[in-house]
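Chains H and Y, in that order, are what the protein sequence lines are. Per my numbering, residue 1 is the first one in the first sequence, and the count goes up by one each step. Per my numbering, residue 118 is the first one in the second sequence, and the count goes up by one each step.
If you're looking for bench data, these hints aren't it; they were derived computationally from the structure. Heads up, a few of these hints could be off.
Stated by the list, open to error - With a Cα cut of at most 27 Å, we get these calculated DSSO-like pairs of lysine-lysine: (1) H:Lys41 - Y:Lys219; (2) H:Lys41 - Y:Lys166; (3) H:Lys41 - Y:Lys139; (4) Y:Lys219 - H:Lys20.
Unchecked claim - Examples of chain H residues lying across from chain Y (beta carbon under 10 Å, computed): (5) Trp10; (6) Cys13; (7) Lys14; (8) Gly16; (9) Tyr36; (10) Ser43; (11) Leu46; (12) Thr49; (13) Glu87; (14) Phe91; (15) Ile93; (16) Ser95; (17) Gln106; (18) Phe107; (19) Gly109.
C-beta: ideal position from N, C-alpha, C; glycine also.
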Amino acid sequence: GAVVSQHPSWVICKSGTSVKIECRSLDFQATTMFWYRQFPKQSLMLMATSNEGSKATYEQGVEKDKFLINHASLTLSTLTVTSAHPEDSSFYICSARGRDITYNEQFFGPGTRLTVL
Amino acid sequence: AQSVAQPEDQVNVAEGNPLTVKCTYSVSGNPYLFWYVQYPNRGLQFLLKYITGDNLVKGSYGFEAEFNKSQTSFHLKKPSALVSDSALYFCAVRDDLFGAGKSTFGDGTTLTVKP
Chain H
1 GAVVSQHPSW
11 VICKSGTSVK
21 IECRSLDFQA
31 TTMFWYRQFP
41 KQSLMLMATS
51 NEGSKATYEQ
61 GVEKDKFLIN
71 HASLTLSTLT
81 VTSAHPEDSS
91 FYICSARGRD
101 ITYNEQFFGP
111 GTRLTVL
Chain Y
118 AQSVAQPEDQ
128 VNVAEGNPLT
138 VKCTYSVSGN
148 PYLFWYVQYP
158 NRGLQFLLKY
168 ITGDNLVKGS
178 YGFEAEFNKS
188 QTSFHLKKPS
198 ALVSDSALYF
208 CAVRDDLFGA
218 GKSTFGDGTT
228 LTVKP
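Generate coordinates for the entire structure from the input sequences, incorporating the hints supplied.
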């Protein structure tokens, strides 16, 4: 099946710094990418949806200036958490959907554990 | 609007016994249903999906799910559970397969299989 990678798998940063998380589709073209946030033992909360070459669509309550999403190519999307604070600590998961046979499925990355001190 | 309910936070079964993880859904159009499994500190792995056709869908690792339109359910099943099946399971629904439809996930069910 299609593979989605995320980097880094975990990151620890100081409060006030910015952190960038990369999401790549390794063997297919991801026309749409989704970014989720997951708290311990909870479901996935969709943060935003991005289509290649256009601005991301953010879900209600998600600060677009804090969570910057860039989907510059068909294989790469990035999530930048700006001026991170301890409450931003979470597990961030990206998901990608592409053309052709992958269109009706979402393929998930392994997730990135962010800890803000 | 679409929604998914997983009524059980936790399911416990003994190894070798059959398991069922329940899921009910609500959509305005045709339902497209998915099951995913998540192991600790990992992303979601696709198990199976229902798009159209046979109501009984077979997926990875011996799992299957039955689509029941009248009961709006899509329960996940396995005839004989393994300890390694212990994980967090998510049911998801979409009503738009080829457009910009987004998946809605249930809250998840933790499956524990005891030896």
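Ser43 (chain H) as an interface hint toward chain Y, with CB separation required under 10 Å: Holds, about 5 Å.
Proposed interface contact between Gln106 (chain H) and chain Y, which counts if any beta carbon pair is under 10 Å: 6 Å, holds
If you take the shortest Cβ to Cβ gap from Glu87 (chain H) to chain Y, is it below 10 Å? Violated, because the Cβ-Cβ distance from Glu87 (chain H) to chain Y comes to roughly 20 Å (cut-off 10 Å).
Chain Y contact restraint on Leu46 (chain H) - CB to CB distance below 10 Å: Leu46 (chain H) check passes; min Cβ-Cβ to chain Y is 6 Å, inside 10 Å.
Check the hint pairing Lys41 (chain H) with Lys166 (chain Y) against an upper bound of 27 Å on the C-alpha distance. 23 Å, holds
Within a Cα-Cα threshold of 27 Å, do Lys41 (chain H) and Lys219 (chain Y) meet the stated pairing? Measuring from Cα to Cα gives roughly 22 Å; hence the hint holds.
So, as I understand it, the hint says Phe107 (chain H) touches chain Y; can you test that by seeing if any CB pair is closer than 10 Å? 7 Å, holds
Let me know if the C-beta of Gly109 (chain H) comes in closer than 10 Å to any C-beta of chain Y, holds or violated. Hint on Gly109 (chain H): holds, closest Cβ of chain Y at ~5 Å, below 10 Å.
Under 10 Å is the threshold here; is the Cβ of Phe91 (chain H) close enough to any Cβ of chain Y for the hint to stand? 7 Å, holds
Per-residue hint verdict: Gly16 (chain H), partner chain Y, C-beta under 10 Å: 26 Å, violated
Lys219 (chain Y) and Lys20 (chain H): Cα distance at most 27 Å? 24 Å, holds
With 10 Å as the cut and Cβ atoms as the points, is Ile93 (chain H) at the interface with chain Y? 5 Å, holds
Of the numbered hints listed earlier, those contradicted by the structure are 6, 7, 8 and 13.
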